[in-house]
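Engineer: Sequence:
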Amino acid sequence: MILLQVQQLSKYFGAERILSNIKLEVQSGDRIALVGRNGAGKSTLLKIIAGQLSHEEGSIMKPKDVSIGYLAQDTGLESDLSIWDEMNSVFDGLREMEQKIRSLEADMADPDVYNQPARYEQVMSAYDSLQNEFKEAGGYQYEADLRSVLHGFRFHDYDYSTLISTLSGGQKTRLALAKLLLTKPDILILDEPTNHLDIETLAWLEHYLQGYQGAILIVSHDRYFLDQTVNQVYEVSRHKIRRFTGNYSKYLTQKAEQFERDMKQYEKQQDEVAKLEDFVQRNIARASTTKRAQSRRKQLDRMELLARPDGDEKPPGMLFDIDRQSGNEVLSIDRVAIGYNGEKIGNELSFTVSRGDSIALVGPNGAGKSTLLKSITGALPLISGGIQPGAGVEIGYYDQEQSHLNRSKTVLAELWDDYAGTPEKEIRSILGTFLFSGDDVLKPVAALSGGEKARLALAKLTMQKANFLILDEPTNHLDLDSKEVLENALIEYPGTLLFVSHDRYFINRIATKVIELDQKGITVYLGDYDYYVEKKNEQEELAALEAVQSSTAPPKSASADSYKTDKEQRKKERQKARRIEEIENEIARQEEQIAEAENLLCLPEVYEDHEQSLTLQQQLDQANDAIEKLMEEWELLQLD
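Under the UniProt record's numbering, the first residue of the sequence shown carries the number 1, and numbering increases by one thereafter.
Derived by calculation from the structure, the hints in this document are not laboratory data. Yeah, the Cβ is synthetic: ideal placement off N, Cα and C, and Gly gets one too. Fair warning: there could be bad hints in the mix.
Just the calculated beta-carbon pair ranges, DEER-fashion [claimed, not checked]: (1) N488 x D609: 24 to 32 Å; (2) E635 x D334: 26 to 34 Å; (3) D439 x S67: 42 to 50 Å; (4) H156 x D334: 27 to 35 Å.
Produce the entire structure from the sequences given, and follow the hints as far as they go.
Structural biologist: Now the structure itself:
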């Protein structure tokens, strides 16, 4: 069934054309993604379909009984009610229906009604009809749905009597999305629904949308999310729209294949045109061949020339480089407690960062990820514990709130003031690679969009040439093309990375290590996002299995004791193997430090500096002592 049709729609803002001749169709069960560069008109199209913006040309056709639910990006739920009362207001109609059912039940129990067969039959008929309607509308499960959605958006730990007006912006945004899902419109329109959602909530939302009964129209820059939820992609580019079947990954493949086919056809036709024109020029003046030349000219005139296929619109250019390498140990975090105004968010947090690491810091919202990054950079004081940067470490920090940008400056001044010794031409060139060209560089920072501010902050970061980048949600506000460029730049980056991101695709491409931060503390996983998910699932399955076994465990027997002993022995063997591997890795690391220190001691400027030589010698002695102890432990483990 066709739920909605957009035909030849065009939209202008003043004299500027935003959308032209847009065609889009939504049918029952469709899962549609709208993709395209920032500023391409995706959000504008959603607002037009939702009836919040007018359009100059074309039409939108929709049956009267088809309902549309629309959520703009970063829309917060504003209400003076409590969480429960506001969410429950979605079901006011069902509760009124329930009251009518109770009233009819009371009528059926009334002897006066019962003794009047015609009236009793009328009440029974109304009761049956209303009860079926109530059941079809989800009347017997709406409270369960409400609790399920609140749980999915991680409000299960909240007191449902909490007033919405006291919540943060991110919490209000999640509640706005939760309320819209509870209304269950025929067409669900979501503009960047993944903003402010942590990874667990994203996974829940994906699962919910996969089972959603209505059609879905989504704008999102989360590629992992799109791959899990959509079956069609409409690309908005250069004011026009094109449709592709499949999820986001299939769209990329189809788009590349289509471009290759179109380019081959275009080049083939261009070769044919060139041959015809050459023949005409060489033969038109000769009497013996002029008729054939005229025939070729007519053939050219009749030919419908193909336009050169449009490639991708120019993405920003990014290159992260360093001035010099850091030491092997980049950062040591020892039993720190973090928080605001003395209130602890995380406690007893310890881990190390080594040169070349690319570490993703993940965990639920509110666990303290951004707080930890700010504490590392010195923007927030530690409550307790210590953070020690390594030798030669230079930190570059990307703040998701872009608080380091001066709103009163122009784009050009924002960079040039920090790097006054750099020629203006070079500053403009760098800004140009981040898509700030011409008069764009004279815009005030305050007038920039979220995506433009993100690109400006990244431009500043590339100029810093720090060897340790700390990034807090670097992909927020970036379109899909810009995300891919950023990923490629960070993969080629020769320094060390520590970043917070909810973009699972981004984590998978960039991370070599995942550190999970939650209420229990720090857990380190030596792999990418897929490895992290695999290990988490294994841990949950083992915990569930152990819970079942402990609840149904039979009385112990000799064989059970033997099995337990064997199990404990195998566990010890695995622990021993892991410890041997850890020792060997640590020995290799210490030997690298020894080699580095010995190389430095060979430099005249170093061995002539008494204090520096003494420091390096002490480092050598400590490394040698450490290796000696590790070797003793290694030998004992091998003999055991």
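Engineer: If a hint holds in the structure, say so; if it does not, say that too.
Structural biologist: Against the structure, the hints come out as follows:
no.	hint	verdict
1	N488 x D609: 24 to 32 Å	violated (41 Å)
2	E635 x D334: 26 to 34 Å	holds (29 Å)
3	D439 x S67: 42 to 50 Å	holds (44 Å)
4	H156 x D334: 27 to 35 Å	holds (34 Å)
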